[in-house]
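Chain P is fixed; fit chain Z onto it per the hints.
Residue numbers (the working numbering), protein chains in the order written: chain P, 1 to 296; chain Z, 297 to 502.
Hints may be right or wrong, so weigh each one.
[As the list claims (entries may be wrong)] Only pairs whose alpha carbons sit at most 35 Å apart, straight line, appear in this in silico DSBU-like list of lysine-lysine:
(1) P:K154 x Z:K398
(2) Z:K479 x P:K290
(3) Z:K329 x P:K231
(4) P:K67 x Z:K474
(5) P:K290 x Z:K398
(6) Z:K479 x P:K67
(7) P:K290 x Z:K483
(8) Z:K483 x P:K210
(9) P:K91 x Z:K358
(10) Z:K483 x P:K91
(11) Z:K479 x P:K197
(12) P:K91 x Z:K365
(13) P:K197 x Z:K403
(14) P:K197 x Z:K425
(15) Z:K403 x P:K154
(16) P:K231 x Z:K376
(17) Z:K474 x P:K197
(18) P:K154 x Z:K479
(19) P:K290 x Z:K403
(20) Z:K483 x P:K231
(21) P:K91 x Z:K425
FYI, nobody ran anything at the bench for these hints, they're computed from the structure. Being a predicted model, the structure only gives us computed values, none of them experimental.
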Amino acid sequence: MQKHKARVVATALLAVALAALGLAGTAQAKLTGAFTRFAQCPYKTADVRKCLHSVTNSGEVVLGKKKVPIEKAVTLQGGAGAVDEATEFSKFFAATNGVTLSKTPQNVPGGLLGIVPDASSPFLVKLLIKFFLENSLTGVSSTLELAKAATDIKVSEFHLVGEEQVALEMPIKVRLENPFLGKNCYVGSATNPIIWKLTTGTTSPPGPNKPISGSGGEGEFLEGGRIIELKNSKLVDNSWSAPQATGCGGILSFLVTPIINSQLGTTTAGNNTAILVNTVSTAAKSAVNKNDEENP
Amino acid sequence: MKTKATAISTALAALAVLCAMFATSASAAPAWKFEGKSLEGSEVILGAAIDSQLTIPGMTTKCANFLYKVTIKNEAGTGKGEVTELPLYECTTNSEVCSVGKIGAEKLPWASKLTTVSSSPYIIIEGIKVGIIYTGEECAVDGTLVTVTGTAGGLISNVTETATFDAASFTATGTSLKAMSTKIEWKGVFPTEAFEWKREQAISVS
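Excised from the complex, chain P in its bound form (with noise of 0.2 Å):
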């Protein structure tokens, strides 16, 4: 009899956990098609009107002397409110799940020692260069990171597309890793952030920096109209400065930190330049919501 009493009760909380185990699942978003890039916007939040998912698949980002390609995808992804008429840009809202800017290392050309073989060197000096200062211990990474709220990013699309003016804005920083710089070594910080105010036009840098053009890239759109996917959108900034590195090297830092500042050089505006190469989509949010209702 007791037996029987707790195969029972077993039986039931099981059947519970299914149950809740079920309603979470309903609870997820199940976005299909070319939707399913939208999976984190924040499409419940009253004040979204649009999702926006954009993926940097190369570019560089040049930081006083130091040139990082872009090799590894970086994803920028949330929603973004509605249009303020008098600047044209749209309130930034953060991605559900917090990943709002990917985290994603880049590779340090040169590592630690900055040293980069020239173009013309043999391919077997570059292979020993890259294996002797780029491997685990003295290699170097970088990684962009926000340095502030997603709310604090801005967005037009009419800039955007139409080639003309910043069409993000964006507060960051650069994280520098490697086992000897320890983990707070950055560029920028919450309080001194790097602004990039990235344009698909053409931009008027101070020296010795020249202007640079970017582009709106080739729209394309899917799903009957309801998302705009735009390829090679090539959004750029030299115009940018950023403040100098801090907090590299642990309890070394006061003996690290200039090292690193002296690799970096100058990073004063005219100095450094982003340039990301993008397959920017935006869709409704009622599209998004709309599809994610139809498949429950």
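Same frame as chain P, but now just chain Z:
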């Protein structure tokens, strides 16, 4: 001696090629004609497109009423002109969710000129700028101004008295239209009928 003869014949051949090239360039300046006679002064072409649509990859926009007014004239023997009006009405898309909220030509007049490509006459329209605002709650570009810009080349038929713009005419004239920095396709057939002094007279380009 033989070498000298070869050199002379090569030079003559080169000269012939050059002459042929210049001959082609010279013929690349057709004029507007009425009843076979070159137009003097100016004339107005007024019409409605027989069929016209523009396609941004993934979505096509059509206008039931695509009207136009073009002033034409000949300058130094070459046909020139200006598109002065381009009212567009009843425009729709093939998307269930995107409607055309507003559409209109900007920065008119647009200059036009005649040219010849592979012995066929073409009209080239420069400085095209059309603004389109799509609407629709589920439309990806709801409320966003999409601007079509560029130059368009259309093949003129003296038989049907029309100008046809399509992928082939754009390729032949090396012209293109862009929207959202994307090359777009514009197809359309436009009658070239005179509306003022030369009304009901046969129009041709040569």
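Structure-based check of all given hints:
1. P:K154 x Z:K398: It holds: about 26 Å lies between the C-alpha atoms, which stays within 35 Å.
2. Z:K479 x P:K290: holds (31 Å)
3. Z:K329 x P:K231: At roughly 46 Å apart (the allowed maximum being 35 Å), K231 (chain P) and K329 (chain Z) break the hint.
4. P:K67 x Z:K474: Judged against 35 Å, a Cα distance of about 33 Å means the pair holds.
5. P:K290 x Z:K398: Distance of about 26 Å is within 35 Å: holds.
6. Z:K479 x P:K67: holds (33 Å)
7. P:K290 x Z:K483: Since the Cα atoms of K290 (chain P) and K483 (chain Z) sit roughly 34 Å apart, the hinted pair holds (cutoff 35 Å).
8. Z:K483 x P:K210: Given pair K483 (chain Z), K210 (chain P) is violated - Cα atoms ~40 Å apart, limit 35 Å.
9. P:K91 x Z:K358: Given that 35 Å is the threshold and the Cα spacing comes to 34 Å, the pair holds.
10. Z:K483 x P:K91: Cα-Cα ~39 Å, so violated.
11. Z:K479 x P:K197: Between K479 (chain Z) and K197 (chain P) the Cα gap is close to 27 Å, so the pair holds against 35 Å.
12. P:K91 x Z:K365: Violated - the C-alpha atoms of K365 (chain Z) and K91 (chain P) are around 43 Å apart, more than 35 Å.
13. P:K197 x Z:K403: Within the cut-off at roughly 30 Å; holds.
14. P:K197 x Z:K425: At roughly 28 Å apart (the allowed maximum being 35 Å), K425 (chain Z) and K197 (chain P) satisfy the hint.
15. Z:K403 x P:K154: Given pair K403 (chain Z), K154 (chain P) holds - Cα atoms ~30 Å apart, limit 35 Å.
16. P:K231 x Z:K376: Violated, at roughly 38 Å.
17. Z:K474 x P:K197: Judged against 35 Å, a Cα distance of about 25 Å means the pair holds.
18. P:K154 x Z:K479: Holds. K154 (chain P) to K479 (chain Z) sits at ~28 Å (cutoff 35 Å).
19. P:K290 x Z:K403: Violated. K290 (chain P) to K403 (chain Z) sits at ~39 Å, over the 35 Å cutoff.
20. Z:K483 x P:K231: holds (24 Å)
21. P:K91 x Z:K425: holds (30 Å)
The structure does not agree with the numbered hints 3, 8, 10, 12, 16, 19 stated previously, though it agrees with the rest.
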